[in-house]
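Participant: Next come the chains, spelled out residue by residue.
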Amino acid sequence: MWLFFIFYASIDNFVARDRPNDGGKCIYLSWKSIEDSLIDGYAIFRCSINDSEFQKIGFAGRFSTDFEDNTVQDSIKYIYQIAVQKKDSLHLHTISNIVQSSPQFFHKGRINILFAIILFTLFLIYFMSQTRKGARLFIRKIAGLDAVEEAVGRATEMGKPILYVPGLGDIDFPSVIASMNILGEIAKKSAVYESPLIVVNCYPVVYTVAREVVKQAFTGQGKIDKFKDDYVRYLTESQFGYAAAINGIILREKPATNFFIGPFFAESLLMAETGNQVGAIQIAGTDQVLQLPFFVTACDYTLLGEEVYAASAYLTKEPVLVASLKAQDTGKFLTLLILVVLTVLAFLKINLSSILKVQ
Amino acid sequence: MKKKIPLILCLIIGVSMVCQYFIPHPVSTQFNSTINKWVVVLSAFALVLGIGNLTSHHITIIKRKKSDWIYSLVTLISMLGMAVTGLFFGIDEKSLYQKIFLNILTPLGATMFALLAYYMTSAAYRAFRARSLEAGLLLGAAFVVMIGFMPIGHFIHPYFPNFAEWLMRIPNMASQRGILLGVAFGAVATALKIILGIERSWLGGKD
Numbered sequence: 001m002w003l004f005f006i007f008y009a010s011i012d013n014f015v016a017r018d019r020p021n022d023g024g025k026c027i028y029l030s031w032k033s034i035e036d037s038l039i040d041g042y043a044i045f046r047c048s049i050n051d052s053e054f055q056k057i058g059f060a061g062r063f064s065t066d067f068e069d070n071t072v073q074d075s076i077k078y079i080y081q082i083a084v085q086k087k088d089s090l091h092l093h094t095i096s097n098i099v100q101s102s103p104q105f106f107h108k109g110r111i112n113i114l115f116a117i118i119l120f121t122l123f124l125i126y127f128m129s130q131t132r133k134g135a136r137l138f139i140r141k142i143a144g145l146d147a148v149e150e151a152v153g154r155a156t157e158m159g160k161p162i163l164y165v166p167g168l169g170d171i172d173f174p175s176v177i178a179s180m181n182i183l184g185e186i187a188k189k190s191a192v193y194e195s196p197l198i199v200v201n202c203y204p205v206v207y208t209v210a211r212e213v214v215k216q217a218f219t220g221q222g223k224i225d226k227f228k229d230d231y232v233r234y235l236t237e238s239q240f241g242y243a244a245a246i247n248g249i250i251l252r253e254k255p256a257t258n259f260f261i262g263p264f265f266a267e268s269l270l271m272a273e274t275g276n277q278v279g280a281i282q283i284a285g286t287d288q289v290l291q292l293p294f295f296v297t298a299c300d301y302t303l304l305g306e307e308v309y310a311a312s313a314y315l316t317k318e319p320v321l322v323a324s325l326k327a328q329d330t331g332k333f334l335t336l337l338i339l340v341v342l343t344v345l346a347f348l349k350i351n352l353s354s355i356l357k358v359q
Numbered sequence: 001m002k003k004k005i006p007l008i009l010c011l012i013i014g015v016s017m018v019c020q021y022f023i024p025h026p027v028s029t030q031f032n033s034t035i036n037k038w039v040v041v042l043s044a045f046a047l048v049l050g051i052g053n054l055t056s057h058h059i060t061i062i063k064r065k066k067s068d069w070i071y072s073l074v075t076l077i078s079m080l081g082m083a084v085t086g087l088f089f090g091i092d093e094k095s096l097y098q099k100i101f102l103n104i105l106t107p108l109g110a111t112m113f114a115l116l117a118y119y120m121t122s123a124a125y126r127a128f129r130a131r132s133l134e135a136g137l138l139l140g141a142a143f144v145v146m147i148g149f150m151p152i153g154h155f156i157h158p159y160f161p162n163f164a165e166w167l168m169r170i171p172n173m174a175s176q177r178g179i180l181l182g183v184a185f186g187a188v189a190t191a192l193k194i195i196l197g198i199e200r201s202w203l204g205g206k207d
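Residue numbers (the working numbering), protein chains in the order written: chain W, 1 to 359; chain L, 1 to 207.
Next up, chain L with everything else stripped away, as it sits in the complex (with noise of 0.2 Å):
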């Protein structure tokens, strides 16, 4: 009964939203829009359990004083003190958690995003090491379209660009085109089989 349960509520709503797709009536759309309300409340119970987590787990590790169990204290106190600047204080324009958020946060997700530059050079560097035909292959397709798309791939031949650019747009896009159509296969299958209750893994098994 604990697994049937699931299964009949994921069966009704799933065939639901399949209908509602197929019905462009108000009672249909009203109906998407509840689920969709319905789902925001769900989040929010989850972002309790989510905050509960992550609270329980760092205040183990400040307990038991673990390595590294300052960074723990860290992030507990910035949760916190970016909960109450928030509720207290308001997060209008001029508050002081937009001021956090653009003068900190914000820097410091471009500062992580920055460091891909970095982290990009070494993988190339371990990627074009042509050691097999494939990475060979993977060399020569890079050196042709970064000349390519430079200027001075103009002066080594006029056609160099033309060559980096059909490149990209025929074997690169029909590569990636026979990918997106297996992934938006595989998604449909994923989701009929969760419907029909075919797949059972989200719940832990047939057993």
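The shape of chain W in the complex, shown without the other chains (with noise of 0.2 Å):
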């Protein structure tokens, strides 16, 4: 006993302040740890700067170095009190300074992600100005998107339905939108050649989403007469109830062709095996990367990725969405310079990977 406090005469670097990048009602506390194994860890007192008071508020283990008081109120001033802990009675009562909460109003440990998404929109704006002034864009080809023109000539052909499953998202998975927006140029060729097409949801969100752009891209083609109800379905939540019903879909109405584009999980193979079985053309594409195997197993053409992300500008070859690829492609050939820099730096012994981190 007598040895612990010649060595110790009170907590080190007990500091108290204000958590940094929260909304506030916080005060993180750090202190350096006592090394004595027989210590059962660190009592936590609070005072308030009006009262006599010290209150016990909580208690950290014997390996701790910091705790969170979350119990406390904005612009009161505060003083901490911490005392070592050891069987029941407690020693070293060091006090901290005068600390007080308050919210913040800017994430400083999101800074990078901000430099990030303005640096990408300056991109895209620059290549934006340079196709309105005339400048031609390379895409280089995709086979997968190159095929719907046939996938859907085909089905007109065969006299048979498209099926157009956009996957078991919800619509706030960005997979989900850029399927939406490959549908409205589906569902436009399916206008044009009249041929019957099958839209099967999960998620009733989806449901109504997809059901606009189907509408809306029929109307755009005028022939908002062959348009009907039937053509987008909602099916169910359930993962396994949803595979089972394209299954039944796919054996029943037997589509010549079928599309499946978006996010995938556990259910993508069945569905796309039953599709291969009936001898439909098949046209996946997810960001799914554990699903992608089976996709290009069972499918005619799959597009990997960040494929997905780009049918669209690529289906319309408008010149504003051609330039985000360009964009996209810009920010990706940075992002690969940046990582090949920090790793040759590594190598040198200085470590710069914190300015990637994000709180």
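Calculated directly from the structure, the hints in this document are not laboratory data.
Computed from a prediction, not measured in an experiment: that's the story for all the values here.
Where is the CB? At the ideal position from N, CA and C, for every residue including glycine.
Worth double-checking, as some hints may not be accurate.
[Claimed, not checked] DSS-like cross-link-like pairs, simulated, lysine-lysine; straight-line CA separation at most 27 Å:
1. W:K215 x L:K94
2. W:K215 x L:K4
3. W:K160 x L:K3
4. W:K228 x L:K2
5. W:K160 x W:K223
6. W:K25 x L:K2
7. L:K66 x W:K254
8. W:K226 x L:K37
9. L:K4 x W:K254
10. L:K65 x W:K226
11. W:K226 x L:K3
12. W:K160 x L:K37
13. L:K99 x W:K215
14. W:K223 x L:K4
15. W:K223 x L:K2
[As the list claims (entries may be wrong)] Non-contacting residues of chain L with respect to chain W, defined by C-beta distances greater than 12 Å in every case (computed):
16. C19
17. L80
18. Q98
[Said to hold, decoys possible] Selected chain L positions facing chain W (in silico; Cβ < 8 Å):
19. S16
20. Q20
21. P24
22. I59
23. W69
24. S72
25. L116
26. Y119
27. M120
28. L137
29. G140
30. P171
31. N172
32. L181
33. A191
Two chains, two frames, a set of hints: combine them into the complex.
Facilitator: Shown next, in the form of structure tokens:
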């Protein structure tokens, strides 16, 4: 016991500060731990500047070096006290500085994301201005998207429907939004060729959006009289119920062309294999990396990851949309460059990877 | 005007939500939670439309006595049955609703999932027919990984499991990350295009 007091007069570096980048109502305490295996932990006390007594507000374990007090009020000044707890007794009472919490207006830990968004937007504006001036931007061939026209044409010739599956994601999935953009283009072709279209949805909001997209596409082509309410269907939110319903549609209605574009999970192969077995031409696309091998195996064409997002620009060939692809590629190139530079610096024992950290 | 209003709303809400991500102030988090509540309310309205669509689709099939109309009848009876059971007899742990859910719906879902094994076999058979260089590479990699992760792999050669592990950890992971990087940029680009009104396919195009 005496040895304990000889080595330690107080707990070192006990500091209280407002937790950074938060909405207030939190004080962050930190200290240097005591290297004594016999202690139980640290008792934390708090007292507002107007009170005279410290109240116990928490306990931190033996190996802890910090504590967050989430029970404070903003704009009130507090003082903290920490003490080492050893069995039932408290030792080494140490007082902190005066501190008060307040909400912040900007999250400094996300400044790198903000910088990246601004830079990306600037790229977008630059390439858009270039295309408006008449610059011709190159897009590499994407076989899966080139085959869309052929796939829709095949369905028309065979007099069979086109099946479009936007995947198992709600409208907050970016790939569902990309899928809706592709659906718009496919629905236009379907309206032109007057081929029946079946769009099957898993979430009601996606169903509502898909219905509007298809209806607008038919209206845009002057074929609203050919649009049927039956074209866009709501099925179920259950994952395998959805897969079973789609398999049923594939087997009963035997579509000539199947599109599986959006987020897919374990049900991907169930649907793609069934489509393969009935001999439909199949074009799939997903950003779910683990499902890509299944689609590559069972479908005729597969859009890999970013190609799903590029499809709208590729199909419409609209210069402004193509400019966005160029901005995307430039951003990707810059990211790769940063990764290579940081890797080389890491070999030279200079670690700057924290600039990529997002809080 | 019919297209301008959704575009303006999209711009305002989109920019607000982007700003919200960078502002930790309680006003900002309150705004986020309010918007999320709105999303739930809108989803509830959309659900009514969805159920309406499902019901009218199947009623039409039954009325016209199309082929396999009996399945439509089963769908409607099941949907109505579950709704009535849940609404009038509760959904607590011992309720009839939970019994139907756990003893019928869950095993049916599991059955569909189990079928995946058979679909995988037929897909793998087609993929592993070494007709081209790519298919040959796929077959080779799959063979190494499968054998490497089985106990027999170690008996064939002690380095076999390590090589399989290396294939998964280095070339496989590198290509996955490459795809993910593209996906991330694609998602950001799509979001920006929609917020800024550049992408209008979801509104039926620019016309």
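Participant: Take the hints in turn and mark each one as holding or not.
Facilitator: Do the hints match the structure? See the list:
Of the pairs offered as hints, the one joining W:K215 and L:K94 is violated, with about 45 Å between alpha carbons and a cut-off of 27 Å exceeded. A C-alpha spacing of about 18 Å is found between W:K215 and L:K4, which places the hinted pair at or below 27 Å, so the restraint holds. This hinted pair does not check out: W:K160 and L:K3 have alpha carbons roughly 33 Å apart, beyond 27 Å. A hinted pair counts as satisfied when its Cα atoms are at most 27 Å apart, and W:K228 with L:K2 qualifies at roughly 22 Å.
Restraint check for W:K160 and W:K223: satisfied, since their Cα atoms lie roughly 19 Å apart, inside the 27 Å limit. Simply put, W:K25 and L:K2 have alpha-carbon atoms about 45 Å apart, too far for the 27 Å limit, and the pair is violated. A threshold of 27 Å between alpha carbons decides the hint, and for L:K66 with W:K254 the separation of about 15 Å falls inside it, so the pair holds. Distance check on the hinted pair: W:K226 and L:K37 sit about 37 Å apart at the alpha-carbon level, beyond 27 Å; violated.
Simply put, L:K4 and W:K254 have alpha-carbon atoms about 40 Å apart, too far for the 27 Å limit, and the pair is violated. The straight-line distance between the Cα atoms of L:K65 and W:K226 is roughly 23 Å, inside the 27 Å bound, and the hint therefore holds. At most 27 Å may separate the alpha-carbon atoms for a hinted pair to count; W:K226 and L:K3 meet this at roughly 23 Å. In summary, the hint linking W:K160 to L:K37 is not supported, as the alpha carbons are separated by about 42 Å, beyond the 27 Å threshold.
Distance hint between L:K99 and W:K215 is unfulfilled; the C-alpha atoms sit about 41 Å from each other, more than 27 Å. Taking the CA atoms of W:K223 and L:K4, the gap is about 23 Å. The hint holds against a cut of 27 Å. In summary, the hint linking W:K223 to L:K2 is supported, as the alpha carbons are separated by about 19 Å, within the 27 Å threshold. For L:C19, the non-interface assignment is contradicted: its Cβ lies about 10 Å from the closest Cβ of chain W, within the 12 Å cut-off.
L:L80, annotated as away from the interface, keeps every beta carbon of chain W farther than 12 Å; the closest lies near 14 Å. Non-interface call for L:Q98 relative to chain W: holds, since the shortest CB-CB distance, roughly 16 Å, exceeds 12 Å. Using the Cβ-Cβ criterion of 8 Å, the hint placing L:S16 at the interface with chain W is not satisfied: the shortest such distance is roughly 14 Å. Of the supplied interface hints, the one on L:Q20 is violated, with its beta-carbon coming no nearer than about 10 Å to a beta-carbon of chain W, more than 8 Å.
A least Cβ separation of about 5 Å between L:P24 and chain W falls short of the 8 Å threshold, and the interface hint therefore holds. The restraint placing L:I59 at the interface with chain W is violated, with a minimum CB-CB distance near 12 Å, outside the 8 Å limit. Hint on L:W69 is violated. Least Cβ distance to chain W is approximately 11 Å, over the 8 Å limit. Interface restraint check for L:S72: the shortest CB-CB distance to chain W comes to about 11 Å, outside 8 Å, so the restraint is violated.
The closest approach between the C-beta of L:L116 and any C-beta of chain W is roughly 6 Å, which is under the 8 Å cut-off, so the hint is satisfied. This hint holds: L:Y119 has a C-beta 4 Å from the nearest C-beta of chain W, less than the 8 Å allowed. Annotation: interface hint on L:M120 holds; nearest CB of chain W at approximately 6 Å, less than 8 Å. For L:L137, the suggested interface contact is broken, since its CB lies about 13 Å from the closest CB of chain W, more than 8 Å.
The interface hint given for L:G140 is broken, as the beta carbon of that residue sits about 15 Å from the closest beta carbon of chain W, more than 8 Å. Interface restraint check for L:P171: the shortest CB-CB distance to chain W comes to about 14 Å, outside 8 Å, so the restraint is violated. Among the interface hints, the one on L:N172 is violated; its C-beta lies about 10 Å from the nearest C-beta in chain W, farther than the 8 Å criterion. Hint on L:L181 holds. Least Cβ distance to chain W is approximately 6 Å, under the 8 Å limit.
A least Cβ separation of about 6 Å between L:A191 and chain W falls short of the 8 Å threshold, and the interface hint therefore holds.
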